[in-house]
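**Q** Here the protein sequences come in this chain order: X and A. Per my numbering: the first sequence = residues 4 to 329. Per my numbering: the second sequence = residues 90 to 215.
In case anyone wonders, no lab produced these hints; they're calculated from the structure. Misleading hints may appear alongside valid ones.
Among the chain X residues that face chain A by a calculated CB cut under 8 Å, a handful are [claimed, not checked]:
1. 102
2. 110
3. 115
4. 116
5. 119
6. 123
7. 124
8. 141
9. 142
10. 145
11. 189
12. 190
13. 191
Every residue, glycine too, gets a C-beta built ideally from N, C-alpha and C.
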Amino acid sequence: MLPALSFAFITEPGFMIVFVIFFVLAYCLGYYWQSRHSRVSLLIEEANFKTDQIAKLEKVNKTLEDTNRQLYAKELELTMANTHLASLEQAKSKFISVTTHQLRTPLAAVKWTLDMAAKGDLGVVDEEQKKFLNKGLESINRVISIVNDLLKVDSINTDKDDYQFKALDILKLLEDVFFEFNNQAISKKISLIIEKPDKGVPLVEVDDDKIRMVLENLIDNAIKYTPDGGKVTVRLSDSKLNSAVPALEISVIDSGIGISPEDSGKIFHKFFRAANAIKKEPDGSGLGLFIAHDIIEKHGGVVWFESHPGDGTTFFFTLPLHQKKV
Amino acid sequence: MADGKKKIYIVEDDEFLRSLNAKKLEGEGYEVVVAVDGPSAITGIPEAAPDLVFLDLLLPGGKDGFDVLTSIKADEKTKNIPVIVFSNLGQTEDIEKARKLGAIDFLVKANFTLDDVVLKIKDILK
């Protein structure tokens, strides 16, 4: 019975068609099912991936937040330290100015007494006594100059904002400074000479107190490090008046101990003193040229020197005629 | 001034410095008058009518050197008397202030000998 049925089944066209349609449908359904499944699993994979990403980002975020908090705390620390420093700086400044005044008064008294005594104003003194009194005077003058240096160092901790630029007759300032050093020069028999162009030099816009300090320092050095009987010349030059940035060039020329090549690179460093300088002048702060360099830079100028050991030194510096208005 | 001597007025509160200064100047042939504090200087200077004034800045008595300077320069009788501020302060602000108020010079005591001071006087009074 069965074989007859199956044969009949196969050969019946109707059944064949249904069978094929069923087969195709099943195939399509299967395919559709498969693709949906893989799309879903793709989506799930993507979702998982994104979740991982988010987790990583959150981790990074947390680290950033922590770092931020630490930075903020550090900033607070630094601000507090800065405020503390500023008030220390102020206290130091006040201390220095009060102390230097307190010190200067008795120092002046001793200086005048010794000077007068040495000159015979307090009674006749013989050569031997005069020598001792002058030695005492020398020592006192050294202490006074250290006190003055202390004050100067304190005053250079000023910003460029504290500079006050005004048109200045540099020749007049130079003559003033020469007057200050007159005694020192005379006692060492050193001639002080000013050289200037015949037609003079124009006014230059500077902070006169600061430039005075520069001149004082360079001339003081020139006299200190030049042996007795030597020469110190300050030359004002108009050679740079016609350059792109018109400037005065000033040189301080001495016939002194000179600067060696090994020391040349450190001459403007804070506290540096060359060996031959220390030998000639045991006392000195090593701050003068550092301060002078700083001041000239703040004026937009340049400072340099030419020297040979034992053959004298020339310090040059330029001062632009005009300062930019801020 | 009657006997041809120039009169120098010294305003200085430190006794020793004052006596040294006076001794030096008298030795050089000047007539010397002194004041030891601000108020005495303010009344004393017009009275004495000196040829030159040496003025310290830190003075007792409630009036300091700047006050004395202002007062001298405001008085018709005394405003043309040259004033040298003689002090141991040396801060830029002080020097500027002194100049602005009419001082002819500012000397830091410790940086000058009395001989330098005499030279300055001769220079100003000639």
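**Q** So, for every hint listed, does it hold in this structure?
**A** We went through each hint and held it up to the structure:
Interface restraint check: residue 102 (chain X) against chain A, minimum CB-CB distance 11 Å, threshold 8 Å, status violated. Using the Cβ-Cβ criterion of 8 Å, the hint placing residue 110 (chain X) at the interface with chain A is satisfied: the shortest such distance is roughly 5 Å. Against a cut-off of 8 Å between C-beta atoms, the interface hint on residue 115 (chain X) holds, since the closest Cβ of chain A lies about 5 Å away. With a least beta-carbon distance of about 6 Å to chain A, the hint placing residue 116 (chain X) at the interface is held under the 8 Å criterion.
Below 8 Å, beta-carbon pairs count as interface contacts, and residue 119 (chain X) has one with chain A at about 6 Å; its hint therefore holds. Checking residue 123 (chain X) against chain A: minimum C-beta separation of about 10 Å lies over 8 Å; hint violated. Here the hint on residue 124 (chain X) is kept, as its CB sits about 6 Å from the closest CB of chain A, short of 8 Å. Hint on residue 141 (chain X) is violated. Least Cβ distance to chain A is approximately 12 Å, over the 8 Å limit.
Of the supplied interface hints, the one on residue 142 (chain X) is violated, with its beta-carbon coming no nearer than about 13 Å to a beta-carbon of chain A, more than 8 Å. At a threshold of 8 Å, the smallest CB-CB gap from residue 145 (chain X) to chain A is about 12 Å, leaving the interface hint violated. With a cut of 8 Å, the hint placing residue 189 (chain X) at the interface with chain A is violated, because the nearest CB-to-CB distance is about 10 Å. Of the supplied interface hints, the one on residue 190 (chain X) is violated, with its beta-carbon coming no nearer than about 11 Å to a beta-carbon of chain A, more than 8 Å.
Given the 8 Å rule on beta carbons, the hint for residue 191 (chain X) is violated: about 15 Å separates it from the nearest Cβ of chain A.
In terms of the numbered hints stated before, the structure departs from hints 1, 6, 8, 9, 10, 11, 12, 13, listed from lowest to highest.
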